[in-house]
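Trainee: Work out the full structure: start from the sequences and follow the hints.
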Amino acid sequence: MSDASHSRQLLGSLVAAVLIVVVAIALVTLKFGASSAAERESLEERQEQRLEAEEERREAAEERREER
Amino acid sequence: MEDVVETLTRGNVAEVKVLLASVALALGCYQLAVIAVGYGKLRVSFLAPPPAFAAHRAVGDTIALLLLCTGVMCVSVYGFEDDELVHAIAGSALLCVLAIKVSVVRRDFGLGRFLPALGLSVFALLCVTWASSAGGFLA
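Those sequence lines, one after another, are chains A and B. With the working numbering, letter number 4 in the first sequence gets 4, and the count goes up by one each step, no holes. With the working numbering, letter number 98 in the second sequence gets 98, and the count goes up by one each step, no holes.
There could be a bad hint or two in this list.
[Said to hold, decoys possible] Sample of chain A residues facing chain B (criterion: CB under 8 Å; computed from the structure):
#1 HIS6
#2 GLN9
#3 ALA17
#4 ILE20
#5 ILE25
#6 LYS31
#7 PHE32
[Claimed, not checked] To give an idea of the chain B side of the interface with chain A (calculated C-beta under 8 Å), a few residues:
#8 VAL18
#9 SER22
#10 LEU138
Calculated directly from the structure, the hints in this document are not laboratory data. We put the CB at the ideal spot given by N, CA and C, even for glycine.
Mentor: Following this line, the structure appears as structure tokens:
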């Protein structure tokens with residue numbers, strides 16, 4: 001086998017490996033979703049804070065009603 | 001080390017670990033096909049055994065690097081947890097067998113005939129390690 005043919009086949013095999021890597025990354029990323037764990041955590045934290053604030057407001061309103 | 005890993009992955013240690021392990025597993029499957037061509041078990045018109053061996057070696061080096069990075073991330077952040085015993089044992093065995101295989105490839109030590117068995121062991125251990133952790137994440 002000539003050197004050129006050897007190099008071409010080797011290059012083709014490596015390109016196939018790169019394509020496999022790209023597909024694997026795409027599939028795993030698709031499964032996880034685009035947002036990172038840190039982003040999800042901060043979103044959950046903001047939602048919790050919003051719920052807590054809402055609850056506090058409701059409790060304060062109830063207290064005011066009871067005082068009256 | 002844990003801080004370095006957390007910073008590098010921007011807090012997504014598990015996700016990055018799963019990604020690296022999944023890429024390694026996908027390349028591992030490709031390695032099986034390529035080495036089958038190398039040993040003449042599988043004959044295809046577009047790939048001869050010598051370039052198949054060369055590709056197997058190059059991709060194998062990449063997989064070894066991926067597995068080493070994944071192992072370092074895993075041990076530095078999670079350590080050896082009792083409830084992940086299968087994963088810890090399979091992962092440790094995987095790196096040990098991989099180290100032996102790399103040594104035999106580079107120095108031979110008269111153990112060249114065991115390379116197919118070592119390669120299959122590495123692939124089997126990679127499957128078990130992936131399934132006991134990354135598989136759960138992706139299920």
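Trainee: Evaluate each hint against the coordinates.
Mentor: A quick look at each hint next to the structure:
The criterion of a C-beta within 8 Å of any C-beta in chain B is met by HIS6 of chain A, whose closest approach is roughly 5 Å, and the hint holds. Proximity of GLN9 of chain A to chain B holds as hinted, the smallest CB-CB distance being about 4 Å (cut-off 8 Å). About 5 Å separates the beta-carbon of ALA17 of chain A from the nearest beta-carbon of chain B, less than 8 Å, and the hint is met. Hint status for ILE20 of chain A: holds, given a least beta-carbon distance of 5 Å to chain B, under 8 Å.
Hint on ILE25 of chain A holds. Least Cβ distance to chain B is approximately 6 Å, under the 8 Å limit. A distance limit of 8 Å between C-beta atoms decides the matter here; for LYS31 of chain A the minimum to chain B is near 5 Å, and the interface restraint holds. The interface hint given for PHE32 of chain A holds, since its Cβ lies 6 Å from the closest Cβ of chain B, which is under the 8 Å cut-off. At about 6 Å, the closest approach between the beta carbon of VAL18 of chain B and any beta carbon in chain A falls short of 8 Å, and the interface hint on this residue holds.
Taken as an interface hint, SER22 of chain B checks out: its beta carbon lies about 5 Å from the nearest beta carbon of chain A, inside 8 Å. The interface hint given for LEU138 of chain B holds, since its Cβ lies 5 Å from the closest Cβ of chain A, which is under the 8 Å cut-off.
Of the numbered hints given earlier, the model fails none.
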